[in-house]
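So the sequence lines, in the order shown, correspond to chains A and B. Counting along the first sequence from 1, when you hit position 199 you're at 199 in our numbering, and nothing is skipped either side. One gets our numbering by counting positions in the second sequence from 1 and adding 1000 to each.
The reader is advised that the hints may include incorrect statements.
What the hints assert, rightly or not - Quick look at which bits of chain A chain B covers, simulated, 3 or more residues with Cβ under 8 Å: (1) 2–11; (2) 92–102; (3) 179–192; (4) 220–230.
Claimed, not checked - Below are the EDC-like pairs computed for lysine to aspartate or glutamate, each with C-alpha atoms no more than 16 Å apart in a straight line: (5) B:K1032 to A:E247; (6) B:K1171 to A:D173; (7) B:K1068 to B:E1110; (8) B:K1186 to A:D251; (9) B:K1032 to A:D117; (10) B:K1042 to B:D1018; (11) B:K1032 to A:E201; (12) B:K1009 to B:E1100; (13) B:K1032 to A:D251; (14) B:K1032 to A:E37; (15) B:K1150 to A:D2; (16) B:K1009 to B:E1180; (17) B:K1069 to B:D1084; (18) A:K255 to B:D1018; (19) B:K1040 to B:E1051; (20) A:K85 to A:E37; (21) B:K1014 to B:E1061; (22) B:K1042 to B:E1100; (23) B:K1032 to A:D52; (24) B:K1040 to A:D52; (25) B:K1032 to A:D173.
I should point out that these hints are in silico values taken from the structure, not numbers from a laboratory. In this text the structure is predicted, and so the values were computed from the model without any measurement. Idealized CB from N, CA, C, for every residue including glycine.
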Amino acid sequence: MDEDWRLTGKAEVLRIRAAMTRSIRRFFQDQDFLECETPLRIPALAPERHIDAVASGEWFLQTSPELCMKRLLAAGYPKIFQICKCFRAGERGALHLPEFTMLEWYRTGTDYRTLMDDCESLIARIAGELGLGVAVPWQGRRICLLPPWERITVRDAFARYAGLSVEEALRRDCFDETMVCAVEPRLGMERPVFLYEYPAELGALARVNAENPEVAERFELYAAGLELANAFSELTDVAEQRRRFEEASRDRRLKNCPAYPLPERFLQALSRMPPSAGIALGMDRLAMILTDQMTIDDVVAFTPESL
Amino acid sequence: MYTASDLRKGLRIKIDNDPYIITEFNFVKPGKGQALYRCKLKNMVNGNQFERTFRSVDIFEAADLQEKKMQYLYREEGKYCFMDNQSYEQVFLSADQVGEAKNFLLDNIEVEILFFEDRPLGISLPNFIDVMVTKADPWAKGDSVSGNTKPVTVQTGYQLQVPPFIEEGEKIRIDTRSGEYLTRVKG
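Start from the sequences and build out the full structure, keeping to the hints where you can.
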């Protein structure tokens, strides 16, 4: 009786979540995006300093579908999206599940700014179709979804909220702590906000800005202090991408983290990939915002602990 | 020795030779950044609290506490009395030292009293206790309007949310670590 009670208690949230997914599909289908399914179990990963994969035999469960998605871009597919499960070892908390749902979409021939417009249109449309109107309730307040949303550079966000500059935080090796303790909790409380222009060394898979190579074309979307999405103008320089992979691998080795084979087929395809922009959005996190739930456990039918 | 992945609310660690208990815990990970473990810590000796954010490479020593099995006897003027069944020794803990455990102190329940340098200063409860529901509004079967949970009071005076089908006089199991309803107990 208890298990049934726990599951039926989630009925309204699960209904909204399903409606959210339907809206998302319609949004992309209306714009002639191709919905893709790429393998979850893969032999090589894009090595990242702070992301550990879940092993599956001698292969791995994907931490993101981006390697195959970019190979599709390289083959000439111009607009693609995917809704799929991603797996990350050792990540469990109020906002983290080791298995979670990601929405990724990619456009060739654009840069990351187009993706900001996509986010505004997509989320406003979902809220409209859910009957939430222009604002969603959040913990007794309301978050207004009317575009345009705020855009703030990482530099300005640190100046406004952190009490120290980005350079100082990097020098003192406290960038992550400052983000988590001072900056993130203040982002997107009244309206969603795009945090953009990351320092080049935090660019991850983003290309650096042609006019200002100190800055990477990367943004993160925040609402109610929750990180919802991460977007890039994608790096297409194969030598630079390989260099970044090798640096991340070296870093992982120094920390005794598991090593991953480099994705060679991806690196070959990268040379044929046109300039593109891509984004990864956490569907569970978006569901939290749309259902006013503080914990990711409350937007999924089953947590790993309940299995 | 504990690693950062062992950190959780209720864990007791040694910092500068004093025992601390983690009163709040949050795993956080900024986008593309490292995992961080945000803790609120309370000094079990002097009650001082502070916040600290740890990294995954950090390691911790267990707090230097000795445990002794004792039985809860009674509460008098904000002090809680526990007795060793072998030696009949009695110790007293303050309300602050007992903390949230006060909600789960059934008569004569056996607990571990935590001693630091021979001073009692904390308590460790069983993870689960079975308690009687002493006050609950009746459940009208088919009533879906009032929601999926209702508040009840249990024999210790503690109030919590339970499924609507739990009635007065029934026994329920509570997880003492979270204070939440676990399941109905038969018989």
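Q. Where does the structure disagree with the numbered hints, that is, which hint numbers, in rising order?
A. 6, 8, 9, 14, 18 and 24
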